[in-house]
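Undergrad: Spelled out from the first residue to the last, the chains are:
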Amino acid sequence: MKDNSPLYAALAGATFQAFREAAISLPPDVLRVIDRAAAAETNPVARGEFANILKNVKAAGELGVPLCQDTGVPVVYLTLPPDVPLTLGLYDAVAEGCRIATKKVPLRPNVVDPLTRHNTGDNTGPGMPAIHIRPGERFTVTVLPKGAGAENSSRIAMLLPSHVYGIEGFVVETMLHAEGKPCPPVFLGVGIGGTFDLAASLAKEALLLPVDTMTLFEQQICDSVNKLGIGPMGQGGDTTALAVKVKTAGCHTASLPVAVNVQCWANRHATREVQW
Amino acid sequence: MTQGPVQLRTPLGEEVLVLRAGDHVELSGIVYTARDEAHLRMQKEGIPFDPKGAVIYHCGPLVKDNRVLAAGPTTSARMNELSGFLLDRGVRGLIGKGGMGSLVREQLRGRGVYFAFTGGCAALASSHMTLKGVFFEDLGMAEAVWVIALDRLPLVVGIDSYGNDIFESVRRHAGEVFQEYCQKQAGPEACENK
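Chains as they are written, first to last, in the numbering used here: chain A, 1 to 276; chain B, 1 to 194.
Please keep in mind that the hints were generated in silico from the structure rather than gathered at the bench.
A portion of the hints provided could be inaccurate.
As the list claims (entries may be wrong) - Calculated pairs, DSSO-like style, for lysine-lysine (alpha carbon to alpha carbon, straight line, at most 27 Å):
id	chain 1	residue 1	chain 2	residue 2
1	A	K104	B	K132
2	B	K64	A	K104
3	A	K55	B	K132
4	A	K103	B	K132
5	B	K64	A	K103
6	A	K227	B	K184
7	A	K58	B	K44
8	B	K132	B	K184
9	A	K55	A	K104
10	B	K132	B	K44
11	B	K52	B	K132
12	A	K58	A	K103
13	A	K58	A	K104
14	A	K55	B	K64
15	A	K103	A	K55
Said to hold, decoys possible - Some residues of chain B that are not near chain A, with every Cβ distance over 10 Å (derived):
id	residue
16	L17
17	G46
18	D88
19	R89
20	R109
21	L131
22	V134
23	E143
24	A149
25	D151
26	G163
27	R171
28	G175
To be verified - So the derived label-pair ranges between C-beta atoms look like this:
id	chain 1	residue 1	chain 2	residue 2	range
29	B	K132	A	H177	32 to 40 Å
30	A	D212	B	R111	22 to 30 Å
31	B	E15	A	R134	52 to 60 Å
32	A	K104	B	G133	21 to 29 Å
33	A	P81	B	H173	50 to 58 Å
34	B	G163	A	A39	51 to 59 Å
35	A	P126	B	G133	30 to 38 Å
36	B	K52	A	D212	48 to 56 Å
37	B	R20	A	G136	35 to 43 Å
38	A	E137	B	F49	19 to 27 Å
39	A	L63	B	F85	32 to 40 Å
The model shown is predicted, which means the values in this text are computed figures rather than measured ones.
Ideal placement from N, C-alpha and C gives every residue a C-beta, glycine not left out.
Could you build the full structure based on these sequences and the hints that come with them?
TA: Listed below in structure tokens is the structure:
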């Protein structure tokens with residue numbers, strides 16, 4: 001695939017559009033959950049924080065500027081229909097979309113070399129954007145720009161297989177340590193099973209699931225987290241977690257990997273169909 | 001609070017010493033953004049502005065065409081070990097999110113306060129801001145020191161100059177709840193990673 005091919009241009013364009021949408025507006029299910037929690041919150045300090053959050057969502061939409069200055073690092077999920085071959089060109093096109101978004105939205109250039117800390121200036125670099133590809137029926141690009149405050153609070157553990165009951169405790173403990181740092185009220189993506197690395201991937205993908213419904217298991221974890229009383233921004237309140245979402249995979253009989261990917265109240269993501 | 005927010009203007013003086021944790025404040029005047037890299041640079045090469053009464057904003061803004069587009073607070077705890085030299089030189093206020101450690105709480109005693117601003121509210125923040133200049137631009141947009149004029153930015157006093165800390169009270173409560181949870185729900189094994 002060449003730089004001037006229709007597929008390259010279409011994928012780069014769709015990636016750019018998805019980044020713009022994700023940076024400026026929240027998905028409807030995320031907004032619904034925030035509205036619901038804001039209405040139910042009883043702590044006066046927390047109610048003030050929710051008021052700022054809702055004012056901010058409105059301001060970003062009206063001004064067409066990013067919700068948060070930390071526009072994250074680019075995490076991208078592609079689904080490829082049978083007629084689109086998996087080539088290196090796809091990776092190039094996504095990176096190009098990310099560079100365009102960095103300039104035009106704009107996004108803050110966040111990506112640096114991990115050792116020298118040199119900023120690449122365009123949110124790309126070796127392994128960045130982080131691109132995950134799977135087969136599907138439609139050609140879509142989903143972006144999940146991930147801010148550092150929440151990402152830095154994320155944890156993984158290899159629990160004892162006999163301690164399935166400890167999964168919830170590990171999630172609650174993750175939030176106990178995180179306190180206000182990840183910009184609560186948070187969304188918690190929990191990956192259970194698989195391998196060390198797969199559990200982490202599942203935890204991140206769980207953040208893309210609809211957040212306005214929870215299973216009984218997810219709701220129980222969410223309730224236990226909220227009992228901590230950390231509240232919006234760690235300043236106290238009823239709402240510490242807005243939702244917990246779980247994804248699982250088969251794992252070794254002697255393993256129980258559990259990963260918690262913490263996401264700030266701005267659970268930003270957007271999906272575009274690639275038309276070419 | 002029965003009254004409206006306390007109005008403050010930089011450079012700050014001894015008026016900050018009467019503020020109490022939980023007070024609402026609206027801050028106007030010049031503030032300087034600084035994150036990890038800027039703190040390290042200032043430690044090494046000196047502070048490029050007059051630190052007396054100055055306010056540091058833990059923020060890496062998004063700037064375009066000499067305008068602040070988005071400028072919410074970053075996680076202040078990353079600057080826990082890097083703030084003492086600024087307060088020693090006369091800085092009176094730190095703004096950020098998530099609170100700071102016990103070291104900073106002690107360093108603020110009798111000298112200054114830590115203000116909290118709602119994390120992620122970058123569009124709201126920028127509507128209270130005018131860009132005035134920049135230092136250390138070579139550090140990149142996020143890490144440079146941006147000089148910003150504020151017009152009544154709404155803040156909460158998170159840590160006051162008497163050692164009161166709203167984050168610490170919440171932290172203590174959460175710790176107690178967690179200990180109880182461990183014993184009741186699942187036995188101490190559930191919390192073995194603590």
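Undergrad: None of the hints should be skipped; say for each whether it holds.
TA: Comparing the hints with the structure gives:
For the suggested pair K104/A and K132/B, the alpha carbons sit about 23 Å apart, so the restraint of at most 27 Å is met. Proposed proximity of K64/B and K104/A is supported: the alpha carbons are some 10 Å apart, at most 27 Å. For the given pair, K55/A sits about 25 Å from K132/B by alpha-carbon distance, which is consistent with the 27 Å threshold. Of the pairs offered as hints, the one joining K103/A and K132/B holds, with about 22 Å between alpha carbons and a cut-off of 27 Å not exceeded.
Note on K64/B and K103/A: the hinted pairing holds, with a Cα-Cα distance of about 9 Å set against a maximum of 27 Å. For the suggested pair K227/A and K184/B, the alpha carbons sit about 13 Å apart, so the restraint of at most 27 Å is met. Among the hinted pairs, K58/A with K44/B is inconsistent with the structure: their alpha-carbon atoms are about 41 Å apart, more than 27 Å. Our distance criterion of 27 Å between C-alpha atoms is broken by K132/B and K184/B, whose separation comes to about 55 Å.
A distance of roughly 24 Å separates the Cα atoms of K55/A and K104/A; the hinted pair therefore holds under the 27 Å criterion. In summary, the hint linking K132/B to K44/B is supported, as the alpha carbons are separated by about 24 Å, within the 27 Å threshold. Of the pairs offered as hints, the one joining K52/B and K132/B holds, with about 19 Å between alpha carbons and a cut-off of 27 Å not exceeded. Between K58/A and K103/A, the direct Cα distance comes to roughly 23 Å. Compliance with the 27 Å bound is thereby established for this hinted pair.
Our distance criterion of 27 Å between C-alpha atoms is met by K58/A and K104/A, whose separation comes to about 21 Å. At most 27 Å may separate the alpha-carbon atoms for a hinted pair to count; K55/A and K64/B meet this at roughly 22 Å. Note on K103/A and K55/A: the hinted pairing holds, with a Cα-Cα distance of about 26 Å set against a maximum of 27 Å. The non-interface label for L17/B is consistent with chain A: the shortest C-beta to C-beta separation is roughly 22 Å, beyond 10 Å.
In this structure G46/B is separated from chain A by more than 10 Å, as the shortest Cβ-Cβ distance comes to about 21 Å. In this structure D88/B is separated from chain A by more than 10 Å, as the shortest Cβ-Cβ distance comes to about 26 Å. For R89/B, the shortest C-beta to C-beta distance to chain A comes to about 25 Å, beyond the 10 Å cut-off, and the non-interface label holds. R109/B, annotated as away from the interface, keeps every beta carbon of chain A farther than 10 Å; the closest lies near 21 Å.
Non-interface status of L131/B relative to chain A is upheld: no Cβ of that chain comes within 10 Å, the nearest being about 13 Å off. Its beta-carbon lying about 15 Å from the closest one in chain A, V134/B satisfies the requirement of being farther than 10 Å from that chain. Annotated as non-interface, E143/B brings its C-beta within 10 Å of a C-beta of chain A; the closest such distance is 8 Å. Non-interface status of A149/B relative to chain A is upheld: no Cβ of that chain comes within 10 Å, the nearest being about 17 Å off.
Its beta-carbon lying about 15 Å from the closest one in chain A, D151/B satisfies the requirement of being farther than 10 Å from that chain. Even its closest Cβ contact with chain A, about 17 Å, leaves G163/B beyond 10 Å, as expected for a residue assigned away from the interface. The beta carbon of R171/B is not kept farther than 10 Å from every beta carbon of chain A, the shortest such distance being approximately 6 Å. Some Cβ of chain A comes within 10 Å of the Cβ of G175/B; the nearest lies about 7 Å off, and the non-interface call is violated.
Remark: the range hint 32 to 40 Å for K132/B to H177/A is upheld by a beta-carbon distance near 38 Å. For the hinted restraint 22 to 30 Å between D212/A and R111/B, the CB-CB distance of approximately 46 Å leaves it violated. For the pair E15/B and R134/A, the beta carbons lie near 59 Å from each other, so the given range of 52 to 60 Å is met. Roughly 25 Å separates the CB atoms of K104/A and G133/B, a value that falls within the hinted 21 to 29 Å.
Between P81/A and H173/B the beta carbon distance is about 52 Å. The supplied range of 50 to 58 Å therefore holds. Range check, G163/B to A39/A: Cβ separation about 35 Å, and the 51 to 59 Å hint is violated. At about 34 Å, the CB distance of P126/A to G133/B agrees with the hint of 30 to 38 Å. As the Cβ distance of K52/B to D212/A is approximately 51 Å, the hint placing it in 48 to 56 Å holds.
Here the CB-CB span from R20/B to G136/A is close to 56 Å, at odds with the stated 35 to 43 Å. E137/A and F49/B have their C-beta atoms about 57 Å apart, which leaves the hinted 19 to 27 Å range violated. With their beta carbons about 37 Å apart, L63/A and F85/B fall inside the hinted range of 32 to 40 Å.
Against the hints set out earlier in the document, violations occur for numbers 7, 8, 23, 27, 28, 30, 34, 37 and 38.
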